[in-house]
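Participant: Chain residues, written in single-letter form:
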Amino acid sequence: MSEPVTSTNDLEHVQPAAHPVVPYDPVANQIGMWLFLFTEFVLFGILFICFAVYLYEYKWQFEKGSGELNVAFGTINTLILLTSSLTVALAIAAMERSRKSLCVNLLTITVILAMAFFMIKSYEWGMKFEHGIYPGSTHLLEDFTKGENVFFGLYFTMTGLHGLHVLIGVTLLLFVRHKIQRDQVTPARISLLENSGLYWHLVDLIWIFLFPLFYLIS
Amino acid sequence: MATHSVALDTDSRADYLHATKGLASWLTTTDHKRIGIMYLIMIVAFFFFGATMGILMRLELFSPGQQFLSNGAYNRVLTLHGITMIFLFIIPSIPAVFGNFFLPIMVGANDVAFPRVNLVSWYCYAIGGLFAIISVGLGGPDTGWTFYVPYTATTNANVLIPILAAFILGWSSILTGLNFIVTVHRLRAPGMWWTRLPLFVWGHYATAWIQIVATPVIGITLLLVLMERFLHIPIFDPAVGGDPILYQHLFWIYSHPAVYIMVLPAMGVVSEIIPVFSRKTIFGYKFIAASSMAIATIGSLVWAHHMFTAGMADLARVVFSLLTFLVAIPSGIKILNWLATMYKGSIYLRVPMLYSLAFIFLFSIGGLTGLIQGALATDVHIHDTSFVVAHFHYTMFGGTGVMFFGALHYWFPKMFGRMYNRVVATIGFSTFFIGFNVLYFPLFLAGMHGMPRRYADYLPEYTIYHRISTIGSWIVVASLLVVVGNLVYAYFRGRKASVNPWGAATLEWTVPSPPPTHQFPKPITVTHGPYDYSQIKDWHE
Chain A
1 MSEPVTSTND LEHVQPAAHP VVPYDPVANQ IGMWLFLFTE FVLFGILFIC
51 FAVYLYEYKW QFEKGSGELN VAFGTINTLI LLTSSLTVAL AIAAMERSRK
101 SLCVNLLTIT VILAMAFFMI KSYEWGMKFE HGIYPGSTHL LEDFTKGENV
151 FFGLYFTMTG LHGLHVLIGV TLLLFVRHKI QRDQVTPARI SLLENSGLYW
201 HLVDLIWIFL FPLFYLIS
Chain B
219 MATHSVALDT DSRADYLHAT KGLASWLTTT DHKRIGIMYL IMIVAFFFFG
269 ATMGILMRLE LFSPGQQFLS NGAYNRVLTL HGITMIFLFI IPSIPAVFGN
319 FFLPIMVGAN DVAFPRVNLV SWYCYAIGGL FAIISVGLGG PDTGWTFYVP
369 YTATTNANVL IPILAAFILG WSSILTGLNF IVTVHRLRAP GMWWTRLPLF
419 VWGHYATAWI QIVATPVIGI TLLLVLMERF LHIPIFDPAV GGDPILYQHL
469 FWIYSHPAVY IMVLPAMGVV SEIIPVFSRK TIFGYKFIAA SSMAIATIGS
519 LVWAHHMFTA GMADLARVVF SLLTFLVAIP SGIKILNWLA TMYKGSIYLR
569 VPMLYSLAFI FLFSIGGLTG LIQGALATDV HIHDTSFVVA HFHYTMFGGT
619 GVMFFGALHY WFPKMFGRMY NRVVATIGFS TFFIGFNVLY FPLFLAGMHG
669 MPRRYADYLP EYTIYHRIST IGSWIVVASL LVVVGNLVYA YFRGRKASVN
719 PWGAATLEWT VPSPPPTHQF PKPITVTHGP YDYSQIKDWH E
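Heads up: the protein sequence lines correspond to chains A and B, in order. So the first sequence is numbered by this note's numbering: it starts at 1 and just counts up by one. So the second sequence is numbered by this note's numbering: it starts at 219 and just counts up by one.
No false leads were slipped in.
Okay, the calculated beta carbon distance ranges per label pair:
1. A:W34 with B:R334: 17 to 25 Å
2. B:T373 with A:I49: 21 to 29 Å
3. B:N289 with A:G136: 30 to 38 Å
4. A:D25 with B:I645: 42 to 50 Å
5. B:G362 with A:D25: 41 to 49 Å
6. A:T83 with B:L544: 45 to 53 Å
7. A:D25 with B:T413: 18 to 26 Å
8. A:N70 with B:P408: 54 to 62 Å
9. A:L216 with B:T743: 56 to 64 Å
To list a few chain B residues with every Cβ distance to chain A over 12 Å, as calculated:
10. M260
11. F286
12. L378
13. H599
14. M637
15. N639
It is worth saying that the hints were derived from the structure and are not from the lab. Note that the Cβ used here is the ideal one computed from N, Cα and C, for glycine as well.
Only chain B is shown next, with the shape it has when bound in the complex:
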């Protein structure tokens, strides 16, 4: 056969991790699974960098007055925290790692539609990450992750490198989304109807459309900022005839849909985990799938709710407020359906299920407090306070961040062929859950009482909230070390995982753990839905 020439350096029986050896074989791979793993390593590394920045802020805020960070240094730490967590962690987290790894397997394909483009996308991410690291070496930007003009056009801090980083990372995101859309359209196995697609795939399909529609907006907007700064082309600076509100509109036209890029994949993971651990088919499959598309559509039309106090026509504010309330409906539909799936199910509480339940709890708090800000009158009161900070950490970290770890615990046996220690993982999860609420809930209260966000200092009456919050951050860090340490230990020493440890019915649980490079050597035909457990009889962890 034609495979003779390459058979020398390829072990045909080895899994994807051991099929070929050496760093070069990884850096030139087009295997979607390996690319997913390469993303995983970088994304976790950047997560810990961003978390370190967060800890520095929390330590500075432990007491009023200056501790060890000057105001300028605090601004830089805050900006690095934001850029790292948003562009390098949350946006790529679930799609780039688990989407890359599992979306093709779940639709019955051997790879994404454009494997080489997929590798290009990873390199965009790597280069963007490298630029972010360089920008730290240059002192870091001090603009906040929003790069608001005119300040960004005039600040003395280096903003060129971080803006280029965000620009390049945008292309990584676009190419991943493009690949997913074409994969879902063209590479579904026979019998994998649209109504048999796992909801994880539906979530990524909706996400991919937002990535393609919205990301170019931030790309061109950031380019305009650079042209304003370096070529003195007047676009946004009012001193030379530009309009800074226009910048804010353009920025949020991307950056609000981006929060759905962040959360829709997480919702997809929840939709996978809950039926498996409830031993019951998903309730309202079509509603969940449609609500993903509805969130993607309506979510693209609500951006100006970030600008209620920035100066806008009253009519526009009312319309954007109304649309903001509308976007809560599909999210509510999902939560209702998850709860209805659990109702009268045979629930067994394994670690992934715990994370999913935490998601529902934390994301509900995050989502409902979002409505408080979507209402015009209350938003004027809490705008730019730490209430907002608490809100988006509940949605982003409590939502997407939690499900990143939830997905890791769900698919770890499949990705690495090993089981982790369930007791340690549960302890890690529980401390995380407690620490998370200790860390962020006080910020709601402080914000209600007027604590402004992004400030390095505060009045003494806010001390108690900040103290509790900082203590919470220590608990979160300790728990994350337990969680990650447990998984790393499992990778080396964990017992071998079976093909289908959870008794799930989606296609990835039919291939070996870990999968071989070509997971489907023979064409397959799909004969049942993704949550049909009637055929799953004997399964063991």
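Next up, chain A with everything else stripped away, as it sits in the complex:
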């Protein structure tokens, strides 16, 4: 009753040396993922705070800088990313119903959409670079105000960091797809797929805020 556990001379410790000492626990995996996503929210949150501070300080310069961005590209990319969020959610639903090949195909579509987003974004950056708009360029420093420089500084920082997250997300989705094909992710052990889906939604969600803040304030 009183002594909850083993005592002094208990040397008969059975030791299953291989993992897991910790049982598979989908709830724990979910909590862990949400905590991780929370750190990502904070990471981008700080950038949004910087944006807010400088928007307050350089209101018309930010509006002018925003006018330089191509709304069409931004809109198309928003639609692409929203669709990819849908396909990844469908992939998880397919896995829950044990439809493996459908799940794999939906993940493939998600990855293709993600790459489309990334290529459009790269093209957009490339066009800016061609027009001499890149961090530290003489065109930017001489022909634009300080406020516009800050705007473009934040633009490249935030969309760049977001783009990096897109690439990480693609890697993750391809990894999960591989694991599914080898039956290491199954309806009974779905955490990795679910968490990758959550990560992809995060990437989508951040873009949902980036798009209006940069493209639609002019």
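On the provided structure of chain A, position chain B as indicated by the hints.
Facilitator: Positioned in the frame of chain A, the structure of chain B alone reads:
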């Protein structure tokens, strides 16, 4: 059974230290106890490196004028001291070593929730440490550990490597915190209610939340500094439209909560040790647990008190000053409860208890002098003086540093299965306590009289304070060598420790010393609180 294939290289009866052999078995382990030990070795090594930097500064300051360090070299030594002590020693010290080792055992689990993530976290620490060492080879940064912009964006010293080190160490901290939160939520044994969690676990739970909430802030801020420096992206430099005060805000949004990352685990250790050596259940368990969470919450809202002289609206200064006073209340609650626990207890003064008493004494001085700086008028007088240096060394070194060694003396028998020499440990502790006060107290006085911090030189009237302080640093070093030497000797030659040498009631004292790899081979049920000594009858050191 399925264990057949691995039985060859695993001694099922061996403790975690001897379960498998070879360096590779350590570097690939996911055993939380081994990871704790690997942290311990690296953290102690970095502590002595940081201490060496501190000694160099104290020697340079022995007399006015230049002794052997140029002003530039002094700045680099000062920065290395700060970065090493903060990012590589104090922040990870108690959570990474004792939290990793004991938090799972204390809640009745066999490991943390994500053992492999735990190993990744250690590798982040190791890589961050490696970067710090490389940065020494490159001459070291000269920015101070705060990396204030615009200087950091323009200095000729190498700042890339140390900033990357801080960034990577941040991830180590985040992953450890994440692991602890999920472990506490999901892996408590049956009967381990939230109200039966040891206060050490509560302290780490609160700490883990700060690690997760605050650490990403420093991560992104340091990345922005690097982008400013190398890609010329204007964020903080006023010359190109940025705002340096914004940098200071972002930096302290992390770095003030970080001081609670440093001290809350230490308070958790004190809350374990005092009831054990008072033979009395803790006074005000719920208040201590709640005050940890209160410190974590309010402590996240006081950052701008580091910037009272940096240029801020008066209203903001008043609000931050008020919040700073509020955060003293939960700390005061803890100290009251510890004292009330000792009241009419049956105190026996063993080494861990001595460290805990030293913590209360030194941390009270550190905390109360913090309020002097939290008050707006007095802060203007003592801001950027050595008063501040004395204050945070009393809280950080006198608080967390002391309890790191206190925890080591408390859990050493459990971690290594050996007892250390109590007389030598007591001598080491006493000289440390004396040396500590000799080292840091004069800095309060020098600061009151206007001695600026971070200066390599000073006017002759400050000589007496610096002389006494430097002599104190020699006493501290000598005592630390005694303390660590005694423990190292005990590891090899100490007599075998019993399962429960102190007569404690938390779960780690129910498993063998040192614990086997799987400390709980059979599921356990917890039937009593962590400070219920009514069942502990026969125990011997």
